[in-house]
Amino acid sequence: MALPENGRSRGYLAARGFRSWALTLDHKRIGALYLYTTLFFFLLGGIFGLLIRIKLMYPGQAIFSNQTYNVLFTLHGSMMIFLFIIPGIPSGLGNFFIPLLIGARDVAFPRLNLASYWIFVAGILVILGSLIRPMDTGWTFYTPYSAKTGANIALLSFGIFLVGMSSILTGLNFIVTVHKLRAPGMTWHRMPLFIWGMYATSIIQVLATPVVGITFLLLAMERVFGIGFFDPAKGGDPLLFQHFFWFYSHPVVYVMILPAMGVISEVIPVFSRKPIFGYKAIAYSSLAIAFIGFLVWGHHMFVSGMSKTASIIFSFLTFFVAVPTSVKVFNWIATMYKGSITFESPMLYALTFISLFIIGGLTGMFLGALATDVHVHDTYFIVAHFHYTMMGGTVMGLLAGLHYWWPKMTGRMLSEKTARWGWLLTFIGFNLTFLVQFYLGFKGMPRRWAEYPPQYQTLNIVSTVGSWILAGGILVMFSNFIRGLFRGDPAPANPWKGLTLEWQTSSPPPEENFGTVPVVTDWPYGYVKRKPAGDG
Amino acid sequence: MAHSAAESAGHPSVHASPAVAYEAAKLGIWAFLATEVLLFGGLFTTYIVFRLKFPEMFHRDYLHLDRVLGAANTVVLIASSLTVALAIASIRKGEQRLLKLFLSLTIFLAGVFLVIKYFEWTEKFAHGLFPGTDIFFSLYFMMTGLHGLHVAGGIAVLGAMLFLAGRGRFSESYNTPVEISGLYWHFVDLVWIYLFPLFYLIG
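First to last, the sequence lines map onto chains A and B.
Just so we're aligned, residue 1 is where the first sequence starts under our numbering, counting upward by one.
Just so we're aligned, residue 537 is where the second sequence starts under our numbering, counting upward by one.
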């Protein structure tokens, strides 16, 4: 991996050996560790997803038992959510790029940062340990079933508690970093938009995660000591669990999407060669989304027996989230208008993000409206909707970020040709898999069921074939990553001609990020006025 | 949590100046305390929900709690908040000996709190009152138990401060970790100040 032949620095990657990674205080290495860990669970969760689709291709045939199916969809959901999508961009790309983008040497508390990575790993180990008796509850762990099933829910809850704690510490670290460590001259309105997205994300992590922490602690106590907060037989209230769970899990949807939106806000102006349109509107809409996101959890509970008044209020509030979200989409499109757009792989993923996220967002309006929600509740319509927002949104955002920042992170270029093939297969496979699920759900096919009536089979076969194409795309993409890691061409400091600070240091950056601390004199999107820094 | 240049040898300090490091640590601990408020907030919400649902049970069960022990513990904890404040005031004036004295006193009082709590819980168990008895006692053991864990955590943190103070790590100009630990300890005290009336005083 060293590049002695042309005398380039290996930057922060210079030190070798297990200890230099396991005990590192460098935010870039910690970010890389998070990326490796979360991407591993992305692939593992993806395999579980493929198995689910194979089972659903042939209803009535015992490819594996229905119990195994329950375990598989629970593992697919909880690994993807808790171990990949939630930590992926914030802890991976966030750790790596927040200090670089604000011109800092590191995050505010480097040792806390390392601790939060190892707490995350400990949480994962506890979760994996609990799988001796696999869980079959679905990723939401609704009581009273989760309080009674034979699975190791207490241990599992503790594992999720640890993962949550790691998320809190990371968010806390980022908030302090953004407040206190910005380079001289970087005012709040000169911060890159990725930083705004991450700042809003961190606020949600810090304010929402403790609630799910206590919820899982209560669930664990319910199983260990037989307390009855959620058990109706003991006077408890299962709806209380749902309120607590969604008070965290709805805002956390924005922990998944806000960082991705931040990535898109970086990629779009660079590949359009135009200043971003409506900088302040994009920045403040992140905060607005974070704020409104706290008020809408009840829309997950329209059919749970909550009062009608509460449902109407939650429905009304839910529609409000669409406003700041639409502001962002409008501004991205306005940024591209009359720009000189080039379609390198990061841009392809960014455009994919916008188009798929619009589909996910608009179908979200169907679900926010009471009447249509009752019709499609717990059907494949929901499955399609959240895959469009989470995979079509967050994962595409992450992939845009990985392709965009890959040269900076590794000092190597990816093969652009392979990257485009990977993108094309992923795009086709994704839509083939999930677009038909909207129709399936609208026709009434329930989610989470291992069996279904035969009239849904044709579309299920289409969906399953789509999932194979999608898997093929992901494989091509990852083969490109691995090849790029070892054999890619050496990357220049600024391959895309960006104006943000991370491009003003070498690829890969040295351990202290910058030789001299940069002084910021302007916002980072002035593509008309300024010439880009760096070589390339 | 606190960051000192001396402790992170081999790693460049990320802070431009000690003043920035101090402000960063302050902001960090306040953000952390906000998460702690929300952690207990979940339990307080649960308390409100079930108090509204079962007013008779809450009244009947509250009569089992020992107000004298509860009040004694309140006094002990408030006293410990005072001693930790005095510890911070001492080191700001550079008084090493007083710092160690007040830290030791705080740890001692925290220990007294846990001992009283131990006798209180044992007495409840002896009367057949357990976390699974009913929702009131579930809440009682859950909330005082979680608080007790925070007290134990506080003892560990203050113990670390005492150890570092013994090595002469703190001075007039550098005492951020002491101050941060003190803020945490005030929080532990504050939670009890809410728990005490909720369980022992209002029936």
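Derived by calculation from the structure, the hints in this document are not laboratory data.
From a predicted model like this one, the values you see are computed outputs, not experimental measurements.
Heads up, the beta-carbon is just placed ideally off N, CA and C, and yes, glycines get one too.
A couple of the hints might just be wrong.
Computed, partial: chain A to chain B, Cβ under 8 Å [as the list claims (entries may be wrong)]:
# : residue
1 : I132
2 : D136
3 : W139
4 : V206
Within a straight-line C-alpha distance of at most 25 Å, the following computed DSS-like cross-link-like pairs (lysine-lysine) qualify [unchecked claim]:
#  : chain 1 : residue 1 : chain 2 : residue 2
5  : B       : K562      : B       : K660
6  : B       : K660      : B       : K589
7  : A       : K234      : B       : K589
8  : A       : K417      : A       : K497
9  : A       : K308      : B       : K629
10 : A       : K274      : A       : K148
11 : A       : K148      : B       : K589
12 : A       : K497      : A       : K338
13 : A       : K443      : A       : K274
14 : A       : K148      : A       : K280
15 : B       : K562      : A       : K234
16 : B       : K629      : B       : K562
Now the stretches of chain B that chain A is said to cover, found in silico as 3 or more residues with beta-carbon under 8 Å [as the list claims (entries may be wrong)]:
#  : region
17 : 577 to 589
18 : 646 to 660
19 : 727 to 734
### Message
Would the hint linking K562 (chain B) and K660 (chain B) be met if the CA-CA limit is 25 Å?
### Response
40 Å, violated
### Task
Starting from K443 (chain A), check that the Cα of K274 (chain A) is at most 25 Å away, please.
Measuring from Cα to Cα gives roughly 44 Å; hence the hint is violated.
### Pairwise hint evaluation, K497 (chain A) against K417 (chain A), where the allowed Cα distance is 25 Å at most
20 Å, holds
### Query
When you check the alpha-carbon spacing of K629 (chain B) and K562 (chain B), does it fall within 25 Å?
20 Å, holds
### Query
Should the hint that D136 (chain A) touches chain B count as held when the rule is a Cβ pair under 8 Å?
With a minimum Cβ separation of about 25 Å from chain B (threshold 8 Å), the hint on D136 (chain A) is violated.
### Task
Quick one: see if chain A covers the region 727 to 734 of chain B, three-plus residues with Cβ-Cβ under 8 Å.
Not satisfied, violated; 0 residues make the cut.
### Query
Counting residues of the region 577 to 589 of chain B with a beta carbon closer than 8 Å to any beta carbon of chain A, are there 3 or more?
Per the Cβ count (8), the hint holds.
### Query
Given the proposed pairing of K148 (chain A) with K280 (chain A), does the C-alpha separation stay at or below 25 Å?
At roughly 50 Å apart (the allowed maximum being 25 Å), K280 (chain A) and K148 (chain A) break the hint.
### Message
Next item in the hint list is V206 (chain A). Is there a CB on chain B closer than 8 Å to its CB?
### Response
6 Å, holds
### Query
Holds or violated: are the alpha carbons of K562 (chain B) and K234 (chain A) at most 25 Å from each other?
44 Å, violated
### Task
Would you settle whether the hint for W139 (chain A) is holds or violated, based on the nearest Cβ-Cβ distance to chain B being less than 8 Å?
20 Å, violated
### Query
Does K589 (chain B) lie within 25 Å of K660 (chain B) when you go C-alpha to C-alpha?
Holds. K660 (chain B) to K589 (chain B) sits at ~24 Å (cutoff 25 Å).
Of the numbered hints listed earlier, those contradicted by the structure are 1, 2, 3, 5, 9, 10, 13, 14, 15, 18 and 19.
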